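S.K.: One letter stands for each residue in the lines below.
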Amino acid sequence: MSDEHGHHGTIAPFLFGISSAVMFIGLIMATAGGEDKTGDTGYWFIFFFGLAGMLTGFMMWVQDYWNQTSEEGEEIEVYHEFWGTITTRKFGMWIFLLTEVMVFSTLLSAYLRYRAAVPDYDSSLAECVGIDPCWVPAADVIRSHLIFGVINTFALLLSSLTVVLALYAAKNNNPKATTRYLMATFVLGAIFLILKLWEWGEMKNGHFWSDHCDPLKQDIAHHCIAPKYEHGFWLDTSLEGSTFYITTGTHGAHVFVGLIALVYLIAKANKDGYNEEYHDTIELFGLYWHYVDLVWVFVFPFFYLY
Amino acid sequence: MNLRKLSIGFLLAILVAISAFPTGNGLPTGITDQNTTDTVIANGCTCHNTNTEATSSVIVNLTLPENFTSGETYTLILNISGGPNDLADGGNRGGFFVTASDGELSPTVNDTLVQKPFGFTHLTHTVDGNDYREWTFEWTAPESDDISVQFVAYGNSVNGADGSQGDYWNKQAITLYGVNAVIEIKTQNELSGPQKIIYAFAIIAVTLTVVVIGNRMVTKDQAFEDVLKGYWKSIYPWLTTTDHKYVGIMYICTGFGWFFIGGILGLLIRWQLMEPRIDGEFLTYEEYNSTFTMHGTTMIFMAAMPIIFGFANYLIPLQIGARDLAFPRLNALSYWLLPTGGIVIYMGYFTGGAGDVGWTGYTPYSSGDTATTPGTDFWVAGQIMLGASSTLTAINFLVTMLRMRAPGVTMMRLPLFSWSILITVFLLLLSIPVFTVALILLMADRTFGTLYFNVEAGADPILWQHLFWYFGHPEVYIVILPAFGVLSEIITTFSRRPIFGYTSMVYAMATIGIISFIVYGHHMFTTGADPLFRFIVMLTTMLVAVPTGIKIFNWLATMTGGSIVLKTPMVFALGTVITFTIGGITGIVLASIPIDIALHDGYFVVAHFHYVLVGGTIFAFMGGVYYWYPKMTGKMMNEKLGLLHFALSFIFFNAAFYPMHNVGLSGMPRRYATYDASLADMNEFISIAAMIFGISQLIFVYNVLYSYKNGEEAGDDPWDGWSLEWTTSSPPPHNSFTEIPTLKIAEEEKQ
Amino acid sequence: MSLIEDLIFFDNPSIWNDFGGTSSGFGGIVWQMFIWSVIVGVLVIAWLVYNLIYFRRKDGDPDHKDALKAGVFPHERGNTVIELTWTIAPLILVTWLTIISLAPLNYLWDVPEENETDLTVEVLAVQWQWIFEMPSNYTIPSEFTKCGGVDQDGNAMQNMAVTYNCLEIPHNSIIRFNINSEDVLHAFYIVEIGIKQDVVPNLQTLAWLDTSTVNPGEYNIYCAEMCGRSHSQMLAKLYITEAA
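Residue numbers (the numbering used here), protein chains in the order written: chain A, 1 to 306; chain B, 1 to 751; chain C, 1 to 244.
Everything labelled a hint here was simulated from the structure, so no lab data went into it. Heads up, a few of these hints could be off.
Under the rule of at most 30 Å between Cα atoms (straight-line distance), these lysine-lysine pairs were calculated in the DSSO-like manner [said to hold, decoys possible]:
1) C:Lys237 with B:Lys640
2) B:Lys640 with C:Lys146
3) C:Lys65 with B:Lys744
4) C:Lys69 with B:Lys744
5) B:Lys116 with B:Lys171
6) C:Lys58 with B:Lys635
7) A:Lys176 with A:Lys37
8) B:Lys116 with A:Lys37
9) B:Lys635 with C:Lys69
Source: prediction; values computed, not measured.
For reference, chain A alone in the conformation it holds in the complex:
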């Protein structure tokens, strides 16, 4: 059943499919199974087993590209000029990014819809200190510690630059520089995630605001946040929390997936796998990474500043 393209049969798709199912079954049973339907913790093992299977499938998948040194013979002949201006894989990546645009549009529009329905908290208003609904955004919670969001933005933007530099280095047959720039990208991405996780932890535990607060007053200038957040700001605290954590979390998950892909790229770059003749994978990754960066450029002002 092998055809002459070099796309031979592979068990990786089957393995990935089964592992995803196992992962989900483990997750659901661990969080909602058991006698009392509130979770049977024994199933976490199954969840991780499924994740491991998915990772194995991914590794088997990229196995093909590990030893590849040239794009020749890979590219399918194009008979209609216009569509041949970019490679198949690049075209595929652009279309994939289109679907990702839909993903983040949905998250952002749900957030804006909820936010627009209710007035924002304003200290001059009599509302919000009682039962009238108002929106106390995550931005108010973070404002006193905005520096971390700024560092994160800077890190991500810089990492987009380093990945471009890595591509240039590859095209110029400079394997050491390629590896270094890819590692820099990884480090910057990791900084982003670590800072974000730390930020989340602090927000969740209410550590971003001062201890000396009048519980009835909402004094944001002195880092005293709304009574509704007195036990912390987490995804089940309020709609502000849910929208914040899910949207930034989805973005963070995309960064994380990017880091996993980067591990592969760095490993291959390290064995001088990228050069003038073979560097398209870095470019494809770069497109994805730029997109993740672009989403952050929207998420940051919408959630951290607004």
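Guided by the hints, dock chains B and C onto chain A, whose structure is given.
M.R.: The following block gives chains B and C in isolation, referenced to the frame of chain A:
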């Protein structure tokens, strides 16, 4: 004397000595330390190591009152009798240990036979009390008397010899209810209806496997391992293939498999509705809710879409003159996420109940506690997997169709089935991610406590409806457009003339695709949404009838002046035109808001969508199976069986679903497990017709299997079709074309 | 056979008779929908049958000039005038149907203000029952006893202000319903009349009925939005009674 030998001997002697000692200790002092207490509670009196198991002939009796009142103190008696050590004069020894889950045990004042060790809550015997077989003590009832209290009593029947050899013990657990306690009767967990069906199928599958393997072993005289190896050799290529033809066949077979399962669920619905039924008479009302939910989800996501993707997988590369899709491995992944995702969705049946939220999963019912857990969670998770599958497929097909067309295949020379798939994947790309995100939000609400659909936190329950239908409406066009494509192919070929108005057919499909994003509000007319929004949606929904009408008229005009051959594919195509037209007409009826208000969420809607989905998509693709089966297998299907299949399907489909219009006009709501008795006659008629419709599909299955072995040889182009798949062999060679073809144009061809 | 009768003669929801006078007779939306559905359906089927009769291939028939050939994109075939006709005509038809839907639509959605109605009923939908509450300043007529209990002598008692799964309203009145949900989505559906409105938690939705357009008597209220286990049993009775 060898020192080494001596020391080894010494060591051995010590080891033997240690093992010869009884490893347990009889405890004439009673159970007074933590270790032993834990051991007794866990394993019984196993310290008396002759018998690590309880001995049933030893009778431990604990005398309790009939029930208890709060705060009262009662006198209890624990008595051991029977067993090998029982002697008439009662001079034997014994020990006991008793616990109570609530209230307080205490020895009687001045009693020297019973003790309550300091720091413990149980009672046991003292050294003096070691010589008895009966002990008396007290128990004070807890504050609340509407609970039950569990007593566990252990009795050890001692033989009087030293040590713990020859002792026999037993234990007794008794529940004592307070005066006001509600006595729970534990009923045997009976299997639910759906569980019984699944287990029945599993047993049948296992039996069949055993029979098949056994048969092979006998007829081919092979060992068990060899039979398995042989099957593995033929299965493994299917597990690892990335060839679009094989992936396509797997999609089609899996799709029809789930169609069969969804059909059984549909028949369960119809059996339930055969007459008005009370809760639990056939299905419980909760099970019924799961049944129609799973029926809808299965049919749309696990039957219709896979069948469509299957045909697309097989035919698109052939029709555009390519060897495979742009990303063959990704294609295989798209396929494998389907059966595995389906299994995840169905896991609910094994964990207390499948999702029961309707295929539309409206919040806040679906995001709250009253929907089945974890069945609904599985329903959400599995669909996330299917959403990923469809997204990857869409990317694959878009890139393939734009980039990999053969020479001569310009965009306006694509076969209409290819065009329908191209537009369909555009719709998929823009709508599935939205649904997948909505599912993730729902999962987050259910599993992680977020508040996206939580009404108390201020969320808008209608948000889900917007997100769902923004996807849901393009979704139904995703399943009908390829059916249009199939109809165009079949009607053209069997009229033996070109399609009438190729260009307008393309523009009509594109228009339908674009409009589909704006009309989704017509599912939400009664929600109390903005009046202007509802009006725009009414107008655009009515407008979508225009391009659809153009297509129907073009098909009919293709036939006019043609030379019509009435083989099975054509018969199905024409039947589809009739039933789809009826479905389309009822769609226009529903588009008018004043009329929709009375009909929304009723059986008129059920009739409408079954006419377009079964009468449109399913019939068209059955025609597609008859049409392309020769290409895929090299064999012709049996004509007579095909016509019989059509006749029965068409007649009984209409018999089952047409009366639903009337039932809906009479006011029967959908998703009802029972109904007003005045509608019983019609419902019974519908149910019977539906069952016959279901059974007639077996003719189709038989035809497919029979023709694979015994069908006539087909040849390259048995129907005289024009598109490129008919220029290659039947079935196509491994790489689909021996050389990439060039599509010629008729105007340039010399006749 | 009663089944055939059921298929041919059936009752439409009564509000369709004329939508309060905004859409009646053969020119009204209901009749127009029916007429055009039949015309289009018959047209399509008749044309299909006509094709099958007059254009069947018989053995030995020669192929048309533009017959199909494998690997060859077929000749263009069409007729612009005809295609334009069957684009514009349906366009006019559906626009017409939309336009005549507007008046009945406004009739249904123009819920009168509370001070314009004769009676405003508070409807509360909860899993799985209907709770109706009369306004505090409304005197329940003494002959309204359908939803009341029965006293020791077996006589029907007057309805209370709050009733469960039963509602009695006066004939010849404008009634407004303020509908709320306690928990999940439901839908308030008066079956024989054809009034339907979703019940949304956190949102008050409205419906109204002019009882002079219907006959006094017994009607059914069903829940028409999936709401859980006993969705099919969330039923209530509606009585429209002449008030003296």
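S.K.: Please list, smallest to largest, the hint numbers that this structure does not respect.
M.R.: 1, 2, 7 and 8
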